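The task is simple: from the sequences and hints, build the whole structure.
As numbered in numbering that gives the first Met the number 0, the sequence shown has no gaps in its residue numbers, which increase by one up to the final residue, 215.
Calculated from the structure, these hints are not laboratory results.
Heads up, a few of these hints could be off.
[To be verified] Here are the simulated BS3-like cross-link-like pairs (lysine-lysine), alpha carbons at most 27 Å apart as the crow flies:
| hint | residue 1 | residue 2 |
| --- | --- | --- |
| 1 | K120 | K63 |
| 2 | K74 | K63 |
| 3 | K74 | K152 |
[As the list claims (entries may be wrong)] Label-pair ranges, simulated between beta-carbon atoms:
| hint | residue 1 | residue 2 | range |
| --- | --- | --- | --- |
| 4 | L167 | P68 | 21 to 31 Å |
| 5 | G86 | S64 | 40 to 50 Å |
| 6 | A178 | R110 | 40 to 50 Å |
| 7 | L78 | A119 | 40 to 50 Å |
Given the structure is predicted, the values throughout are model-derived calculations rather than measurements.
Positions of the beta carbon are idealized from the N, C-alpha and C atoms, including for glycine.
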Amino acid sequence: MLYPPPPRARASSPKKQESRIGASRREDETICRETCLYSVAPYPSCLRLPYPEASASSCCEAVKSIFGPFAELVKTWNLPDWLVHWGHPANMAVVLFAMGGYGTYLGFRIRFSDDVEEKAKAKDLHPKLLGGMFFFFALGATGGITALLTSDKPIFESPHAVTGFIGLALLTVQSILPALFEGNPGLRMAHGLLGSSIMTLFLVHAALGLQLGLSF
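Put into structure tokens, the structure is as follows:
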């Protein structure tokens, strides 16, 4: 029994083949151009810089990468939860009221006391106390970050953190002003007003910290 031969595929005309080749080349060129544009375009990186959200996010990630290993180490110590949770606030409260409170009182005695001996003692102790407060506040900030990380809570997202950064920045300015007193005695008034404002800010900071601690 004879079977008919299978039908042969019709050869494409030369014009159709050229058209297909040309379309394929155009697609390749388009893909190449798109790939090149995505690979070299600097806009995504540049446009991220002016926005505070991107900067804050990158800052948080950088801090987490630094303090994260230590926070994980603290978790392995099996410390009591109350100590991890309230250790930082308790220490900072002592620094604020003992060193900051008494240091502020001595600052007012320097300005308003008529007793020469009392003023001399206050002038000696006032910068030491407030300098120590500055040091322990800066050191305590690391403890607060560690406490939040060990509790798996976000950092730098609360008013407590914002007021803390502002307070440390103002304390930096406050520590510079006494070096300028000789050239401009009027700065003593600014020093006193700024110091009182900083203490008020840190009282607000403490209240916000208590609120944050009670929230989790």
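| message | Output the indices of the hints that this structure fails to meet, ascending. | response | 1, 5, 6
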